[in-house]
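Participant: If you read the sequences in order, they're chains A and B.
Going by this note's numbering, the final residue of the first sequence carries number 496, and the count climbs one at a time with no gaps.
Going by this note's numbering, the final residue of the second sequence carries number 865, and the count climbs one at a time with no gaps.
Calculated directly from the structure, the hints in this document are not laboratory data.
Quick list of the computed label-pair ranges, beta carbon to beta carbon: (1) A/Leu318 <-> B/Tyr830: 21 to 31 Å; (2) A/Phe331 <-> B/Gly848: 15 to 25 Å; (3) A/Lys307 <-> B/Ser842: 52 to 62 Å.
Ideal Cβ positions, reconstructed from N, Cα and C, are used throughout, including at glycine.
The chain contents come next:
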Amino acid sequence: MNCPKCQGPLQFLHLPDGIDIESCPFCNGAFYDADELTFDLPFEDAKDAGCLCPRCGGAMRGATVYGGKLTLDHCGRCKGVWFDQGEMQKLRALSGKENVVGRRGPEPEAGAGPEPAGSEPAEPPPVVAAVPATREQILAAFNRKVGIKAKKDADGRKKPAAAEPFDCGLWDNPDIARNPCVVHDGRKYLHFQTSKPMTTYVLGEFNWRVAVGDEALARDFVCPPFILSEDKTEEDTTWSLGEHMEPQEVWQAFKMEGVPPYRTGTAPAQPNPHGPALDSMAPVFWKLAAAAAGIFALIAGFSQNKVIQTFPFQYAVTDPERSRVTFPFDIAGRTSNVRVKVDSNVDNQWAYFQMALIDTRTDEALDFGREVGYYHGVDGGESWSEGSRSDTAFLPSVKAGSYYLRVEPETDSQLLAYTIELKRDVPRVSYLLWAWLLLVLPVGWVWFRHRSFECGRWQESDHPWTTEDDDDDDDD
Amino acid sequence: MKYTIFGAGIVAFLAYALFVGWSYSDVDEVKGVPKSVRENPGAYREHYKTYVRHHYYGK
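Could you build all of it, start to finish, from the sequences and the hints given here?
Facilitator: See the structure below:
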């Protein structure tokens with residue numbers, strides 16, 4: 021509900037005796053239901069106040085009391101009264117009653133006695149229309165605290181409305197021009213669907229007069245768990261605000277027996293069950309991803325990343341022994357990896373290198389092998405190539421010490437030249453990429469489920485989520 | 807909370823792997839390499855597994 025005077029959002033104010041009034045924190049006005057005043061106000065001359073009742077959306081009338089000494093705005097429909105700042109004190113002074121606000125005794129039941137002669141004709145009792153409405157709309161009508169607001173333009177003047185059209189500009193939908201978003205209470209509602217409902221049956225209680233055969237143009241806007249509905253007739257436009265309730269909650273509220281029917285599909289304003297998880301995981305993901313990047317940068321910044329030795333070798337098929345060993349060399353620094361890179365001159369040939377990094381003191385070896393092969397040619401006028409002349413291996417957690425390398429090549433080449441380069445403490449970017457991938461997988465899974473839920477929701481709307489690719493596929 | 811723990815574990819393992827040079831490379835650790843390898847490189851050959859080519863290049 022918004023203030024009828026300044027349009028600020030009203031706040032509930034709890035008074036003794038269980039009285040809840042709606043007050044405006046901006047202009048300090050307050051709205052009292054008719055039964056929240058201890059006596060009927062002696063309204064005299066009344067004229068249009070130019071604003072709408074924050075309770076029921078009815079036209080407010082400015083009526084004088086006590087010989088024109090005070091003018092109060094009251095609703096002709098629900099009889100609620102709006103007090104501007106200071107008007108309550110004036111009323112107390114004029115009425116001579118200190119207790120203006122309070123619960124009255126039970127009112128006589130309707131039809132219990134004849135209506136006093138000369139009294140103002142009572143507003144028709146509110147009825148509920150079985151407008152083909154969503155559950156949320158009906159609940160909104162039942163919930164007097166949710167609030168209904170309307171604007172009338174029959175007199176040609178634009179009245180304050182609960183929601184104003186707003187071009188959100190972010191929605192990639194060609195219908196955006198015809199179906200704008202609306203903003204209400206700081207929430208952005210997206211257009212969901214437009215329909216033309218007709219009243220076929222009346223049951224229960226509504227805040228406006230409804231007759232069978234009434235037609236309206238209805239537009240629903242959603243911002244889960246809220247739904248904003250616009251019902252437009254020739255006479256007026258009614259905005260209804262609803263909030264999604266779980267079936268069990270509704271079932272218990274109406275004291276129904278048994279269990280509610282099984283829920284199928286997705287309601288327009290049904291909260292996405294994956295939304296909270298996604299909202300909580302997304303910032304954690306970014307923090308962790310940044311932490312991983314920071315750790316990588318820190319360790320990479322302090323890593324040696326230094327070439328220890330480069331050994332050039334040659335192999336000929338006529339050599340009596342193809343194995344080679346290097347002279348001993350030192351590997352310094354803390355325990356970290358050693359990258360071994362093999363480069364060869366294979367040309368339409370392959371070569372396999374069996375290598376061992378042997379500790380001179382402990383006679384322990386790290387055995388590993390790498391194969392290279394490079395082929396190329398021209399086929400059908402097109403040149404092609406495949407494979408590589410080089411390969412690398414990472415030896416894990418190599419301690420500092422004195423080592424030598426043994427290499428034994430196998431190849432189909434008659435003459436092979438190859439180089440082996442050893443590099444110490446090489447930071448591996450692939451580890452960072454793997455970490456990012458592992459971090460994004462759970463988020464991606466939740467995002468996928470979140471999006472699937474939203475697809476299900478919007479599939480029932482006027483704007484189903486489709487892409488041009490999907491359309492193309494359909495065409496195919 | 808579970809994701810935070812999972813993610814923290816990933817980041818912690820990343821830090822460990824980067825710092826100590828952990829690798830998933832197929833490296834065999836062999837102990838007791840003969841001292842004669844430096845003088846006779848072929849003497850170590852029996853420690854090797856038989857190499858079989860799995861990939862054939864060319865179109």
